[in-house]
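Novice: Numbering (the numbering used here), first residue to last: 187 to 491.
Think of the hints as simulated: they come from the structure by calculation, not from any bench.
One thing to keep in mind: the hints can contain errors.
Straight line, CA to CA, 16 Å or less: simulated EDC-like cross-link-like pairs of lysine to aspartate or glutamate [unchecked claim]:
(1) Lys394 with Asp360
(2) Lys485 with Glu273
(3) Lys393 with Glu363
(4) Lys371 with Glu352
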Amino acid sequence: KGLYAYRETKYEESIAYNKQSLKIDSNYALPYAYMALAKTWIITQSHDFKNAKAIAEAQSYAQNAIRLDPQLAEGYSATALIARSIEHNFSKAREFFEKSLELNPSSTLTKNRYAYFLFYMGDFDKAEKMATEALKSDPVDYNSYVVLADVYIYTGKFSEADKYIEEGLRLFPDRYEFPRLQLEKKFRSGDYKDLILDYELLKSAGKKISHPGLSQICIAYQKAGRQKESDDIFQYLKNQTGNYYSAAMVYAARNEKDSAIAQLEAFLELGDYGFSGFKIEPLFNSLKDDARYKSLYTKYGFDKY
Numbered sequence: 187k188g189l190y191a192y193r194e195t196k197y198e199e200s201i202a203y204n205k206q207s208l209k210i211d212s213n214y215a216l217p218y219a220y221m222a223l224a225k226t227w228i229i230t231q232s233h234d235f236k237n238a239k240a241i242a243e244a245q246s247y248a249q250n251a252i253r254l255d256p257q258l259a260e261g262y263s264a265t266a267l268i269a270r271s272i273e274h275n276f277s278k279a280r281e282f283f284e285k286s287l288e289l290n291p292s293s294t295l296t297k298n299r300y301a302y303f304l305f306y307m308g309d310f311d312k313a314e315k316m317a318t319e320a321l322k323s324d325p326v327d328y329n330s331y332v333v334l335a336d337v338y339i340y341t342g343k344f345s346e347a348d349k350y351i352e353e354g355l356r357l358f359p360d361r362y363e364f365p366r367l368q369l370e371k372k373f374r375s376g377d378y379k380d381l382i383l384d385y386e387l388l389k390s391a392g393k394k395i396s397h398p399g400l401s402q403i404c405i406a407y408q409k410a411g412r413q414k415e416s417d418d419i420f421q422y423l424k425n426q427t428g429n430y431y432s433a434a435m436v437y438a439a440r441n442e443k444d445s446a447i448a449q450l451e452a453f454l455e456l457g458d459y460g461f462s463g464f465k466i467e468p469l470f471n472s473l474k475d476d477a478r479y480k481s482l483y484t485k486y487g488f489d490k491y
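Take these sequences, add in the hints, and give me the full structure.
Specialist: And the structure:
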């Protein structure tokens with residue numbers, strides 16, 4: 187039940203079931219691993235990176251899993267996820283993902299966790315390989331399709347990306363990731379006219395779009411010469427509390443480097459997991475020679491991979 191709840195992303199429910207199993211057997215290592223994983227996702231999704239108590243709990247759960255069973259792959263996978271998402275120790279994350287797969291080379295869950303990590307590290311070839319292996323072992327896990335679509339979008343293989351987006355939409359019609367990937371692909375491929383059309387249809391239907399998605403729409407309007415619409419969205423984005431990263435994307439696209447870096451510096455102070463896309467974001471390529479960019483890169487821990 188705890189594993190099922192975890193896979194359904196019902197993380198609090200998963201922790202509750204695993205705690206029940208520990209009342210039956212306090213030396214059972216697996217519940218600790220899934221409690222660590224669930225707690226880590228709760229922290230990242232709620233942006234609760236200043237919560238020292240919650241972070242300590244996640245770390246303790248992972249340590250207990252490994253202590254009770256040094257051969258338990260999920261214990262190392264949980265430690266890797268904490269290193270990636272909370273500690274920003276990416277060399278440690280890679281080491282523990284590899285250790286987890288060494289112990290259980292058939293784990294689809296671990297392969298997909300590792301594939302996401304590799305994607306955000308810019309290790310696209312290895313991310314593709316890992317997600318492809320995961321897809322072969324479990325073709326009904328949506329994560330493989332997401333990673334592969336993302337990899338192909340960021341490497342400019344848009345027709346390949348389309349295959350996984352379309353299949354994802356067919357197999358997982360309720361997952362928000364695939365409509366997001368449709369818009370992402372149009373933005374990255376420069377299909378601004380079609381992207382704007384999609385956005386206006388979504389807007390008229392009352393659908394919400396994430397702030398990073400809105401930043402791409404904002405840039406698309408600018409590229410299409412529709413400056414007023416671009417400025418209106420940008421003003422909305424700037425008025426949203428803590429929305430520094432999306433604003434930085436627009437500033438970078440408008441070649442306002444100082445403003446882009448100021449927004450990124452403010453965002454990093456939040457310790458937010460959303461900063462993980464910083465390393466691979468093409469919009470920030472124009473900032474890479476700036477010493478302040480390099481400082482942000484090091485401060486977040488990308489130099490440790």
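Novice: Against each hint, give a clear statement of whether it holds in the structure.
Specialist: Verification of the supplied hints:
Proposed proximity of Lys394 and Asp360 is supported: the alpha carbons are some 15 Å apart, at most 16 Å. At roughly 12 Å between alpha-carbon atoms, Lys485 and Glu273 fall within 16 Å of each other, so this suggested pair holds. Restraint check for Lys393 and Glu363: satisfied, since their Cα atoms lie roughly 14 Å apart, inside the 16 Å limit. Our distance criterion of 16 Å between C-alpha atoms is met by Lys371 and Glu352, whose separation comes to about 12 Å.
No hint from the list above goes unmet by this structure.
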